[in-house]
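Trainee: The sequence shown begins at 1 in our numbering and counts up one residue at a time.
Every clue listed holds true.
Straight-line Cα separation of at most 30 angstroms, DSS-like style, residue types lysine-lysine; simulated pairs: (1) Lys51 x Lys86; (2) Lys48 x Lys115; (3) Lys50 x Lys34; (4) Lys122 x Lys112; (5) Lys89 x Lys50; (6) Lys93 x Lys50; (7) Lys92 x Lys48; (8) Lys122 x Lys40; (9) Lys48 x Lys86; (10) Lys140 x Lys51; (11) Lys40 x Lys50.
Computed beta-carbon distance windows for the label pairs: (12) Leu90 x Glu25: 53 to 59 angstroms; (13) Lys38 x Ser114: 35 to 41 angstroms; (14) Leu91 x Lys34: 37 to 43 angstroms; (15) Ser114 x Thr134: 18 to 24 angstroms; (16) Lys151 x Lys34: 31 to 37 angstroms.
Treat the hints as calculated values from the structure; they're not laboratory data.
The C-beta atom is built at its ideal place from N, Cα and C for all residues, glycine as well.
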Amino acid sequence: MAGQKQPIDLLLHKGNKNLTKEEIERRKAEEVKKNTDKIKPPTHLSAKLKKEFIELADELLRVEIMSNLDVDAVARYLIAQEEWLKCYKLLKKMKPVILEDGQYVTNEHYVKLSKNIELWYKQARTSAQDLGMTISSRCKIIVPKAPEAPKENKFNKFGGGKK
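Using the sequences and the hints, build the whole thing.
Mentor: If you want it as structure tokens, here you go:
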């Protein structure tokens, strides 16, 4: 079973493929180009979330893992994170057990809110993973770097190196 097709820059960086110049050019032409010219906060975000969007997008662009296609994913992450925080703040004010008719019973509002918190947390975590914002997801991302210049042969000064 064949693995996923890897970007040509990554293959060249690894150095384990013997490709001709023509094959490299063809592969580069076939690859999907990552456009970043239309990254701006979606209109449905609040002013606070738009500011957070810009900060997060700048960071993701800096590490070269965001494109125009990721705008909605970032917005979904921010919305999920904000809703999780709202629910969490409400939950902190509640008691899990309340006194009702002389008996201690489970606070049903607390239970429902706990479930909502779990749902928003899972959505935020999944979005963060998709965007490469968790430690484990960043470890899976391999950003190719320019190859280093070859070192000079130390024997050249004696006339024994390659010419």
